[in-house]
Every structure is written in C-alpha cells, then in structure tokens.
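*Asks:* Going left to right, the sequence shown walks through residues 8 to 90 as my numbering numbers them.
Honestly, the hints are just simulated from the structure, not real lab data.
A quick note: this is a predicted structure, and the numbers were derived from the prediction, not measured.
Beta carbons are placed, not taken as given, at the ideal position from N, Cα and C, and that holds for glycine.
Where hints are given, some of them may not hold.
Here are the computed lysine-lysine pairs in the PhoX-like style, where the Cα-Cα straight-line distance is at most 25 Å [unchecked claim]:
1. Lys37 - Lys52
2. Lys66 - Lys76
3. Lys66 - Lys52
Derived Cβ-Cβ restraints for the label pairs, each shown as a range [stated by the list, open to error]:
4. Lys52 - Glu14: 16 to 26 Å
5. Ala74 - Lys52: 25 to 35 Å
6. Ala63 - Arg13: 18 to 28 Å
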Amino acid sequence: MSIRMREVLEDDDSRGHFEAMVEPSSAIDKNTGIFVATNRHFELKDVPEHAGAREAIEKLDKEFEIALKNSEELINHFVEMAE
8 MSIRMREVLE DDDSRGHFEA MVEPSSAIDK NTGIFVATNR HFELKDVPEH AGAREAIEKL
68 DKEFEIALKN SEELINHFVE MAE
C-alpha cells in the first residue's frame, strides 16, 4: 500500500507542486517502519527556450532550503504520530 499526497503551488515565477509518498518500509523487518519520500517540483513561467539553465539554478538556489525544511517537518509529523 502506498499513499501519495500533492499540494499544487504557484508563485510569480513558477508553478509546481509539493508531493509526498508514504508507504511501509521494506528496510525494516515485517514492514514495521514507514518510508516517506518528498518531491518539490518547479516549472518556471515565461522563460524563453534559449535562455539556458540560469533561471532554474537561481530558483533552486532560492527554494532548496525551504523545500528541505518542509520535507523535514512532514517526516517529523509522521514520527510524532507514531510516538
């Protein structure tokens, strides 16, 4: 069994989503643990095809720590539920 959740996000320069997948962990005996995977997806708006990767790199540099923090908060929420 696997559960996927997706929050659609949009700001001035991008659209995308934050997705989380939760399922039993195969790394722990008898599937007594959980596996959580997250993905923060960005799709830049109004970027000319010939522009190269500069805008994408700048967006990732700006958003990476925030996305990491959001992932950690979600994982910690599941840990707290199990306690």
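*Asks:* Next, verify each hint and record whether it holds.
*Replies:* Tested hints:
1. Our distance criterion of 25 Å between C-alpha atoms is broken by Lys37 and Lys52, whose separation comes to about 45 Å.
2. Distance check on the hinted pair: Lys66 and Lys76 sit about 16 Å apart at the alpha-carbon level, within 25 Å; holds.
3. About 11 Å separates the Cα atoms of Lys66 and Lys52, which keeps this hinted pair within 25 Å; it holds.
4. Here the CB-CB span from Lys52 to Glu14 is close to 18 Å, well matched to the stated 16 to 26 Å.
5. Range check, Ala74 to Lys52: about 18 Å between beta-carbon atoms, so the 25 to 35 Å window is missed.
6. The given range of 18 to 28 Å is respected by Ala63 and Arg13, whose C-beta atoms sit roughly 21 Å from each other.
The structure does not agree with the numbered hints 1, 5 stated previously, though it agrees with the rest.
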